[in-house]
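Please model the entire structure based on the sequences and the hints provided.
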Amino acid sequence: DTGVSQDPRHKITKRGQNVTFRCDPISEHNRLYWYRQTLGQGPEFLTYFQNEAQLEKSRLLSDRFSAERPKGSFSTLEIQRTEQGDSAMYLCASRSPIQGAQPLNTEAFFGQGTRLTVV
Amino acid sequence: GNSVTQMEGPVTLSEEAFLTINCTYTATGYPSLFWYVQYPGEGLQLLLKATKADDKGSNKGFEATYRKETTSFHLEKGSVQVSDSAVYFCALASGGYQKVTFGIGTKLQVIP
Numbered sequence: 001d002t003g004v005s006q007d008p009r010h011k012i013t014k015r016g017q018n019v020t021f022r023c024d025p026i027s028e029h030n031r032l033y034w035y036r037q038t039l040g041q042g043p044e045f046l047t048y049f050q051n052e053a054q055l056e057k058s059r060l061l062s063d064r065f066s067a068e069r070p071k072g073s074f075s076t077l078e079i080q081r082t083e084q085g086d087s088a089m090y091l092c093a094s095r096s097p098i099q100g101a102q103p104l105n106t107e108a109f110f111g112q113g114t115r116l117t118v119v
Numbered sequence: 001g002n003s004v005t006q007m008e009g010p011v012t013l014s015e016e017a018f019l020t021i022n023c024t025y026t027a028t029g030y031p032s033l034f035w036y037v038q039y040p041g042e043g044l045q046l047l048l049k050a051t052k053a054d055d056k057g058s059n060k061g062f063e064a065t066y067r068k069e070t071t072s073f074h075l076e077k078g079s080v081q082v083s084d085s086a087v088y089f090c091a092l093a094s095g096g097y098q099k100v101t102f103g104i105g106t107k108l109q110v111i112p
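First to last, the protein sequences are chains A and B.
Residue numbers are given in our numbering: position 55 of the first sequence equals residue 55, and the series is strictly consecutive.
Residue numbers are given in our numbering: position 33 of the second sequence equals residue 33, and the series is strictly consecutive.
Hints may contain errors.
Using 20 Å as the maximum straight-line C-alpha spacing, the simulated EDC-like pairs for lysine to aspartate or glutamate come out as follows [said to hold, decoys possible]: (1) B:Lys56 with A:Glu107; (2) B:Lys52 with A:Glu107; (3) B:Lys60 with A:Glu107; (4) B:Lys107 with B:Glu16; (5) B:Lys60 with B:Glu42; (6) B:Lys52 with B:Glu42; (7) A:Lys11 with B:Glu42; (8) B:Lys107 with B:Glu15; (9) B:Lys77 with B:Glu16; (10) B:Lys60 with B:Glu15; (11) B:Lys107 with A:Glu68; (12) A:Lys71 with A:Glu56; (13) A:Lys11 with A:Asp86; (14) B:Lys60 with B:Glu76; (15) A:Lys57 with A:Asp86.
Here are the computed distance ranges between Cβ atoms for each label pair [what the hints assert, rightly or not]: (16) B:Leu13 with A:Asn51: 40 to 46 Å; (17) A:Ser27 with B:Tyr97: 18 to 24 Å; (18) A:Ile98 with B:Asp55: 17 to 23 Å; (19) A:Ile98 with B:Leu13: 35 to 41 Å; (20) A:Ala53 with B:Glu16: 49 to 55 Å; (21) A:Ser27 with B:Asn59: 20 to 26 Å; (22) A:Lys71 with B:Glu69: 44 to 50 Å.
Since the hints were derived computationally from the structure, they do not count as laboratory data.
Even for Gly, the Cβ is constructed at its ideal location relative to N, Cα and C.
Written out as structure tokens, the structure is:
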């Protein structure tokens with residue numbers, strides 16, 4: 001399967017601990033997004049990478065959150081000093097590069113997400 | 001900013017009933033519109049999309065028409081099946097980075 005892969009699928013952590021999630025996008029997709037989905041809500045945008053550059057961050061991304069994409073391939077999302085309010089599903093999505101006159105609105109492919117529970 | 005409003009569920013229908021899930025949006029520029037589906041225990045999957053006004057997206061018997069005049073993108077299916085039970089998200093993408101803004105999601109339960 002060459003879809004978007006996220007690891008781990010589930011993470012339970014104690015409040016105050018640090019956690020790191022990994023996303024492997026579809027090969028050759030240079031655009032990568034992180035979203036957060038809480039119970040009963042739609043996913044909310046967190047941050048966007050084009051290649052290795054982090055081009056946009058949501059206000060939802062507090063100082064405790066940091067995302068990287070060092071080589072423009074996989075990405076990591078780290079949460080420091082976790083709080084119970086961080087409990088959510090963290091979703092990663094990727095998109096193919098913009099090429100010439102190709103419309104910008106190519107499909108975003110989502111991974112299955114990492115479910116974080118902070119106890 | 002951009003926003004998507006969709007009817008809250010849950011929606012419970014009998015098999016072969018007609019489905020409508022309403023969705024309206026607010027956006028700057030000319031967004032693309034999507035319906036995503038999330039089956040139990042699975043990730044988000046694109047169900048259908050429309051990229052400009054009056055476009056109709058369709059897939060698996062589902063349809064939605066991009067209505068710019070009413071800023072709507074209602075999802076319809078003529079005859080639902082038990083296997084259609086899932087959560088449906090209306091969404092839009094706009095701007096240079098094409099980040100997606102989602103609605104709250106509508107849970108559909110189809111009973112035999």
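Is the hinted pair Lys71 of chain A and Glu56 of chain A satisfied, with a Cα-Cα distance of at most 20 Å? With a Cα-Cα distance of about 18 Å, the restraint between Lys71 of chain A and Glu56 of chain A holds, given a limit of 20 Å.
Verify the CB-CB distance for Lys71 of chain A and Glu69 of chain B against the hinted window 44 to 50 Å. 46 Å, holds
Could you say whether the range 35 to 41 Å given as a hint is met by the Cβ separation of Ile98 of chain A and Leu13 of chain B? Between Ile98 of chain A and Leu13 of chain B, where Cβ atoms are some 40 Å apart, the hint holds.
Can you confirm whether the C-alpha distance between Lys60 of chain B and Glu76 of chain B stays at or below 20 Å? 11 Å, holds
Given hint Glu42 of chain B paired with Lys52 of chain B - CA-CA distance at most 20 Å: 29 Å, violated
Is the Cα-Cα distance between Lys107 of chain B and Glu15 of chain B 20 Å or less? 15 Å, holds
Against the 20 Å threshold, does the CA-CA distance of Lys107 of chain B and Glu68 of chain A hold or violate the hint? 34 Å, violated
Does 18 to 24 Å hold as the CB distance between Ser27 of chain A and Tyr97 of chain B, or does it fail? Check passed, 21 Å falls within 18 to 24 Å.
Run the distance test for Lys11 of chain A versus Asp86 of chain A: straight-line Cα separation, threshold 20 Å. The hint holds at about 12 Å.
Does Glu107 of chain A lie within 20 Å of Lys60 of chain B when you go C-alpha to C-alpha? Status holds; Cα separation ~17 Å.
Starting from the hint 49 to 55 Å, judge whether the C-beta atoms of Ala53 of chain A and Glu16 of chain B obey it. Because 50 Å falls inside the window, the suggested range holds.
Would the hint linking Lys57 of chain A and Asp86 of chain A be met if the CA-CA limit is 20 Å? At roughly 17 Å apart (the allowed maximum being 20 Å), Asp86 of chain A and Lys57 of chain A satisfy the hint.
Hints 6, 11 from the earlier list are contradicted by this structure; the remaining hints agree with it.
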